[in-house]
Amino acid sequence: MSSEQLEKLSGLLGGTAKVAYNERSNLIRIEVERGELRNVAVQLRDYGFDHCSSVTVVDYPKEDLMEVVWHLSSYSRSEVSRYTIGLVTSVSRSKPEVASLTDVWESALFLERETHEMFGVNFVGHPDLRPLLLPEELMGTWPLRKDYQLKKKREDVFKKGGASL
Amino acid sequence: MMDFLNLIPVTWLPLLESVFYALVFPGFIAILLLAFFIIWFERKAAARVQMRYGPLWVSKRTGGIAQLLADMIRFSFQEFIVPEGADLIPFVFLPGFLLAFSVLPTLFIPIGPYYSHIFPAGYTLLLSVAFTLVIPVYLVVLGWAADNKFSFIGALREAYLLISYEVPFILAIASAFLLYGTLNLVEVVTIQERSLPGIILNPVAALVFLIAVIRATGRVPYDIVEADSELVFGPYVEYSSLMFGFVMGVPYIELYSYSLLFSVLFLGGWAPITGVGFLGGLIIPGIVTFVKAVIVMCALVFLRGVYPRYKLDKAVRAGWSWVFYLALIALLLSAFMSRVL
Amino acid sequence: MTQEIKTIPFTYEALSQLKMSEGVLELQIGPAHAGSGHMRIVAWVEGDTVVKVDPDIGFVHRGVEKLSEDRIYIKAIPMVERPSLVDTVNANLGYVMALERLLGIEPPPRAQYIRVITAEISRIMSHLYGIAIYGIFMGSSTVFMWAMADREPFIDLLQELTGARITYSHIIPGGVRWDLPKDFAENAEIALKYLENRTKDYEKVWINNPVVVARSMGVGKLSAEGAIRLGVVGPNLRASGVKYDIRKEEPYAAYEEFDFEVPTFKEGDSYSRLLQRVEEIKQSIHIIRQALKRLPDGKIIYEDYYKRMSPLMKKIYDEKGRVKFTLMLTSLSPPKGEAVSRVEGGRGEMFYYLVSDGGKAPYRFRVVTPSFRNLPFFTHVMPGHKLADIPVIYGSIDYFPPEADR
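Residue numbers (this note's numbering), protein chains in the order written: chain U, 1 to 165; chain R, 166 to 506; chain A, 507 to 912.
Don't take every hint at face value.
Here are the computed lysine-lysine pairs in the BS3-like style, where the Cα-Cα straight-line distance is at most 27 Å [stated by the list, open to error]: (1) A:813 - A:581; (2) R:479 - A:772; (3) U:146 - A:866.
Derived from the structure by calculation, the hints contain no laboratory data.
Bound conformation, chain U alone (with noise of 0.2 Å):
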């Protein structure tokens, strides 16, 4: 993307999101405040970008927080149909909550279900956050984060009862 375009697009997004270009994976990195979230996710997706690819969480106990990140690309606008734009906001870890873009993009329906499973993230706002991949059994374990360990040696799953993960 050219410089010109970069700074059109964060000037369209005013001042307090930080934008990033990779240009290796053609991936532009936007970090925004969790309070300006929905705005900026309103912009981009006038400007075109009209469906969510992903949605993950970078978990960081070191610092603390956990960055929520919503990958988006664009179907319709073809100058910018070849980029990706990250969109990512910090959480802390300890009360994990941010708006919900699924009115924004529908498409992150599903997506969205998925990392509130595996990493306790409360999408606010979202109709729907029933147990998607895993069984209800491990709601609220929350898999993915660093702090859960697999159980990697036989002895471990036999001492703790067996069955259960």
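Based on these hints, arrange chains R and A on the given structure of chain U.
Structure of chains R and A alone, referenced to chain U:
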């Protein structure tokens, strides 16, 4: 052998002939051997279309024809499981009833001119058709008896299809009756011997008859009741062991009854051959009728390799629209042809 | 006319209200069902009409993302291939591209061409599998057997190349592992000609089959605007009229040098999704032919990695065209950073996001597979159709449960 036959009192002969007709040919034993053959043929023909071998290993030199025998032996060693919430008496006894009623129509279909000495031949068309119409009702009860939502949906589908496709079927039979003017199937064949086979006299009625037969026996593309990917096996899904063998075999036996009726009504029955006596008037023309019926069965069973399955609402709609119109056209055509004949 | 897509919330109140209403039957088309695959489709049926569908997935969830955090980078290659079992090369390619972007290396041109050839063969196999599943769900075992048998020439081709039938692990950071054998081009031409002849058979027996047309035309319609809103991917997206193919939008691995079209259809129903897959097979055949004709010479592994091979490994490379794993590859430590890669797989867009903290294992590895993104078809497109349309729609979107569950 002939000395033994001389020992039998003459008065016993009609009884023995009836028993032979019911139990050996074209009755029970012929049906069992035919079921072996037609199921093997269906699997082999579908396999050849699909670029694979089909049944092969059970009796390698004869191309796997004993496969169904091997399956039956395996079934008889399995446990017969009755689901807990199932209605016991219909669940356990109805397959036997189904088997009995599917064999029954063959009693009333003559396979040779000697038939009129075995059973009274006056109303054979009516009787054989009447017995074929009882079976779908049993199927609906079967779907209710197994305590399973998918069987229930299968039974409902059978009820819908039954109502929409029996009307054209009866109209096709009625047009055959109108064409020949008699309910006596022996006379029907005599008329066809004199003029032309029924399929040339009234092809529309033959077509409607075949469509109704494919529906009634659940051959592809009408295997909606036992749809594999939607209702795992429909009303029969809870059966195991020998009962499963029964309910799998019953549609083929129904198909045989219908095909026998078709070959007598429309293909001229034993047309070129005629004779007298038990041997010349029943067995030899019987073989001709039997072969014609088997050819019809093979053609209908081959459709498995060609078509996917119909959808229920489109099939029901078709039964009430263009199949019905065809049946009415068949009736008119019969009325016209009966003046000519 | 824009399509009405209703988002019915799955809250407990709404569900219990539905359960209590008369005439609504809750069907669990569960994992042990001939028409469901490795998932459960909970369908609420009123009479014969489907009112609501809830896909209950996760039966084959293996935790690929969590497992990769304990293993070195190169070990994630077989792990990433196995969920997308029918289309393994594209899955492999996506992950390795993300890793190469982190490392900052580029494979040589010959390796890129070989990647394109194997990826297109994998795409053909994936589409044939999709056609087979579509057929068996509609009740025709003929097309199922034919399509599965027609995958065999391509499996044989790649078996000659790599030694494995389905999961090749052929693409590694820096290039590919095996060079093409001498007679690969002739065998590939035989396989492609065979498939072109078979396409005529398929057209006669399946595509122009009146029962197929009756059952799939008009079923599962999704407009272009609806497809964009729901975020669906792959042939489902293009059959709804949106012309978007990552091989053209964000070209990777030498796709810029080939001349191919991206077919689209306007109607967006199950029949056009079937036709879309057949058209894409034809385009893939075209790409493979171009690639085989213009194959450049050279090395198949990144120059720097070749220099670090031991003399014995270099000897094996020169004689057999085989790349053995050096210590370099098994102890990759990319610098700190993140990378994103998108690949157009047979079923749609595969998305990979790698975050590295300088260690030997990924810090965070995120993979989103095309089947997972096609999930909204169940909740938004199926309601309103008949019960018998559930397998037809399911088969036409080519949903593969192990791929969605990872």
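Given pair status - residue 866 of chain A, residue 146 of chain U, alpha carbons within 27 Å: holds (16 Å)
Hint consistency between residue 813 of chain A and residue 581 of chain A [alpha-carbon to alpha-carbon, up to 27 Å]: holds (23 Å)
Pairwise hint evaluation, residue 772 of chain A against residue 479 of chain R, where the allowed Cα distance is 27 Å at most: holds (25 Å)
Of the numbered hints given earlier, the model fails none.
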